[in-house]
Amino acid sequence: MNPSLDKYFVPEPSKYPIFGSIALLLFGAGAVMWLNEVGPGPIVFFLGIAVLIYMLFGWFGQVVRESEGGKYGKRVDASFRWSMGWFIFSEVMFFAAFFGALFYIRVLSVPWLASGDNEALLWQGFTGNWPTAGPTAAETFTPMGAWGIPALNTLILLTSGATLTWAHHGLIKGRRDQLRNGLLMTILLGLTFLGFQIYEYFHAYADLNLRLTTGIYGSTFFMLTGFHGLHVTIGAIMLTVMFFRVQAGHFRPDHHFAFEATAWYWHFVDVVWLILFVVVYWL
Amino acid sequence: MAAVIPDQSHDHPHGPSGLMRWITTTNHKDIGTMYLIFSFIMFLAGGVMALAIRAELFQPGLQVVAPEFFNQLTSLHGLVMVFGAIMPAFVGFANWQIPLMIGASDMAFARMNNWSFWLLPPAAILLIGSFFVPGGATGAGWTLYPPLSIQMGMGMDMAIFAIHIMGVSSIMGAINIVVTILNMRAPGMTMMKLPLFCWTWLITAYLLIAVMPVLAGAVTMLLTDRHFGTSFFNAAGGGDPVLYQHVFWFFGHPEVYILILPAFGIISQIIPTFARKPLFGYASMVYATASIAVLSFIVWAHHMFTTGMPVTGQLFFMYATMLIAVPTGVKVFNWVATMWRGSMSFESPMLWATGFIFVFTMGGFTGLICAIAPIDIQIHDTYYVVAHFHYVMVAGSLFALFGGAYYWLPKWTGRMPDERIGKLHFWCSMVSFNITFFPLHFLGLAGMPRRVPDYALQFADFNAIATVGAFGFGLSQLIFLWVIVKAARGEGQPAAARAWENADGLEWTVPSPAPHHTFEEAPVVR
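Just so you know, the sequences run in chain order A and B.
If you count the first sequence from 1, position 65 lands on 65 in this note's numbering, and the numbers rise without skipping.
If you count the second sequence from 1, position 382 lands on 382 in this note's numbering, and the numbers rise without skipping.
Treat the hints with caution; some may be incorrect.
Okay, derived cross-link-like pairs now, DSS-like style, lysine-lysine, Cα gap no bigger than 30 angstroms in a straight line [to be verified]:
1) A:Lys7 <-> B:Lys423
2) B:Lys423 <-> B:Lys277
3) A:Lys71 <-> A:Lys15
4) A:Lys15 <-> A:Lys74
5) A:Lys173 <-> A:Lys15
6) B:Lys277 <-> A:Lys74
The hints are simulated quantities; they were obtained by calculation from the structure and are not laboratory data.
Produce the entire structure from the sequences given, and follow the hints as far as they go.
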């Protein structure tokens, strides 16, 4: 790190933010059109995603060049640390909204639906036992068990946390092989997790009659596991980017916050899974 | 506070010029200016909707707009004013002032700062554009309660995606502000020397990061209920429409403090300047702000007293809500104590600040009344509630924004605001505001329901008065535009670096208007 960098790095004017804005406008407008079957929805939607990918490559590429070019001093590094922490906090609150919904449904509203006037006048015979697809459910379904694939997935994610930490130790001690192998193992474990998750969804739809439309159980199950899976996907992409940066010789033992941020994110996704495993699959 | 100010060199923006300068800029002053202009445009857009609402309510019966369109107007008026006008205006103040007040060269993440702003126009296009699609904009109210919001047309989806985009913008903006304040302070600027505006924004930003994702979760569940067959808010599938209200207000109540805490900060900067005394009880102001933020997370269900929640729940949320009066009272007491035996003068910013204390306190008291569950059950969804929240959001947030705009206008434009026109703006706004909203208390207590375009004959007189006041208030804002345009065009008395006689803080140590780059070498605060 260059000790003369006591001045805080302020970037030059950049074209990337406006591309991001155009991307999200196309993404949002395309999604609205697609959902309502008006106009060329899918085209606009995927165009938005394409612009977003261009923007992410360009923007992050520039940040990587600035970082490797030694433009970031200690205070910029501190800014990155603070901001990643607060970003993960915002993600925690995002998941909290869905977990809160699940708790409210299971502890309060479903029992209310099966008691008192609701039961007597509206939904006679509704017992309110969890899991439920609601008082009007016509078909039966089988809830997802905890001790098959989900338990295996728990083991996989926990192991991936360990391999990532092992890779980080390699980075700090300058053992690039350990770094590379640890990172590769982590990515493979993450992809295995995602593969199992996709298999589990097929299994749910094909064998268990469990769908997104299966009342409140299906809604909460797929929403929580789906958003978690999306976050694992994002984490795996981040890890892959780190892998290619390692291959390109990036990161030094004292300057590798991008790697650490990815690790923080991965551990966060891991912790969410543990809560998910207990309250969605197990209990 | 004493500060050593190094030479302010190269004053001009470099990089692209013309429109591209504004699209690509990474300068906190440029971005702050864009935020302020954007919020004023949205303020006028939301204001026009409000005037259409008031025009319809001038007389009983249906005259001006169709009932469905009336519902769209009330919904979009709320969404536009909250997310398009007040929040971006405060972020504009934060962008301009926080780096100047803490002695930083810019915001911590200058490029992301640009994106935070430039996400707002797409969101505004989706939101305002929803008026023009088949079925029109959402008419489910700004709170977007299901089951109504499940039934709306594609305008509702546009509102959902607009909220998502504004949420991304707010979270990035908030992270930027938190990191800037925590990491970019000049040497010697300890946390307990931080100007109160920065403190209130730090806590506001924390609230934003905590609750904007929750709103995103709530509207995501709406979206999947609408289009993907989930049953979150559908009792037939085992869900509960009240669940949405819980999730929404877990966001919504901290949100009202997001809208008012920076206002407290602005008032806390203005009053010491014009009372020519340091702020009374600085530390207690900081702790009061933090207490309000913490309490804001445990009071949300006071918006839902009529949903049939258990009495124990009502009592908890009632008492928790009333607790908020304590730190808020500390603040009002401290402002008054700052003025006590001060050497006061009443230039435009101070007029707005003292006016704020007067009308905001009334809004605070009606809030206390609304907090009492047995009373709230009577006045829920009536114009009493409308009167209450306009007393805190217009007379609170908006008046503070005006005060702040007059206060820092010399720093932004280099010209003093025209005192004569500024005073006219204040008095016209103050009088017409009260003509508009005070009668709404009586209407609400008499039982007039909100969000309905027609009403019973006995409500006619007060409604007519309120409509006259509303048009007066709307027109008064053109006076403000006049003041701003005058100063921005370089007309009027040039401002000194320390534009106001007793103004304290680092922002008054740089020239007026502030050069494009300030504090490239950090000042030392003693």
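Hint check:
At roughly 43 angstroms between alpha-carbon atoms, lysine 7 of chain A and lysine 423 of chain B are farther apart than 30 angstroms, so this suggested pair is violated. Proposed proximity of lysine 423 of chain B and lysine 277 of chain B is supported: the alpha carbons are some 23 angstroms apart, at most 30 angstroms. Simply put, lysine 71 of chain A and lysine 15 of chain A have alpha-carbon atoms about 19 angstroms apart, close enough for the 30 angstroms limit, and the pair holds. The straight-line distance between the Cα atoms of lysine 15 of chain A and lysine 74 of chain A is roughly 26 angstroms, inside the 30 angstroms bound, and the hint therefore holds.
Our distance criterion of 30 angstroms between C-alpha atoms is broken by lysine 173 of chain A and lysine 15 of chain A, whose separation comes to about 38 angstroms. The hinted pair formed by lysine 277 of chain B and lysine 74 of chain A fails the criterion: a straight-line CA distance of about 39 angstroms is larger than 30 angstroms.
Taken one by one, the earlier hints fail for this structure at numbers 1, 5 and 6, listed in ascending order.
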